[in-house]
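Q: Fit chain G to the supplied structure of chain S, relying on the hints for placement.
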Amino acid sequence: MTNESHIHHPNYVKVWAALVGSMSHVRYVLLFAAFGVAAIKAYLVAKNFMHVTVEKRFVPYLLVLCLLFVVILFAGAAPDVMKHSGLHWNKDSAKQAVQSGMGAAPKHE
Amino acid sequence: MSTSAKPIANTRSATGIPTARLITWWVIASEIVIFGGLLATYVMHRIGHPEWADSASHTLTWTGAFNTFVLLTSSLCAVLAHKAADARDGPRAAKLLRLTSLGGLIFLSVKAYEWTIDIREGFVLSSGGFWSFYYALAGLHALHVLAGMIILLIVAADAAKNRELQRVECIGLYWHFVDIVWIFLFPLLYIAR
Chain S
1 MTNESHIHHP NYVKVWAALV GSMSHVRYVL LFAAFGVAAI KAYLVAKNFM
51 HVTVEKRFVP YLLVLCLLFV VILFAGAAPD VMKHSGLHWN KDSAKQAVQS
101 GMGAAPKHE
Chain G
1 MSTSAKPIAN TRSATGIPTA RLITWWVIAS EIVIFGGLLA TYVMHRIGHP
51 EWADSASHTL TWTGAFNTFV LLTSSLCAVL AHKAADARDG PRAAKLLRLT
101 SLGGLIFLSV KAYEWTIDIR EGFVLSSGGF WSFYYALAGL HALHVLAGMI
151 ILLIVAADAA KNRELQRVEC IGLYWHFVDI VWIFLFPLLY IAR
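So the sequence lines, in the order shown, correspond to chains S and G. Okay, so the first sequence: first residue is 1 according to this note's numbering, each after it adds one. Okay, so the second sequence: first residue is 1 according to this note's numbering, each after it adds one.
Heads up, none of these hints are tricks.
For lysine-lysine, the following DSS-like pairs were computed, each having C-alpha atoms within a straight-line distance of at most 27 Å: (1) G:K95 x G:K83; (2) G:K111 x G:K95; (3) S:K41 x G:K111; (4) S:K95 x S:K83; (5) G:K83 x S:K56; (6) S:K41 x G:K95; (7) S:K56 x S:K41; (8) G:K83 x G:K161; (9) G:K95 x S:K47; (10) G:K161 x G:K95; (11) G:K83 x S:K47; (12) S:K41 x G:K83.
Calculated from the structure, these hints are not laboratory results.
Isolated chain S, as found in the complex (with noise of 0.2 Å):
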């Protein structure tokens, strides 16, 4: 007789990168974490307090709409703003300003 047990062993190595990972981006968690209670706390003013959820329906897809063009800046833009090197390119001055800022001193490339 097999004394096979009735819990389904998921990949533990997984759970644990997981773990792990969020653990690297504990900032990121927390911004997660802090925009997404904003993000209620949003929701629940526009259903409850300015009642877009009984309004004529092209209201909220008109404010959806706004709320795509600003998705659509922020990924057309942020590429190039956050990060301070590429390909063919260098941001010296951003990352400068990064290194002395956390303390380091600048290095030159």
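A: For chain G alone, kept in the frame of chain S given last:
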């Protein structure tokens, strides 16, 4: 005054909602792009500049949290004023609108106190990238609060005489939007460090 002499915003509803409310939604839609664009720009710079965390650690979290409470409470007053206007109770709506405006005044007073501390410590608009965004974002929002307060008082003056009660909802929508903007500004400027 006859109905035909009233502004078109009060008498026409070609889209199924009163034109005054439609205009308010358009204003809010354009404000989403204005504030959204500024917020998105701040977020991408903030991620690219981890050293701004040091500047962000100087912001006064408790004043930001208190101001969130103040604006949420003033939003409650605004929606109660809308309810009173729906019940054709103009004087009560006016009282609640004035309370909403008072919330705005408290918000701005706390902001002034906070900025005084920041400036005395040497953190001004030109002190660095973070502080430029901090003053631009919070300043633009504060201007919206100020404009809202003035309009709230104008609408309240009419509402007290049971006149133009449809405006109570419109200024309420605007005020709730200003509240939502602050809900996102608070974690961005005060919590994310």
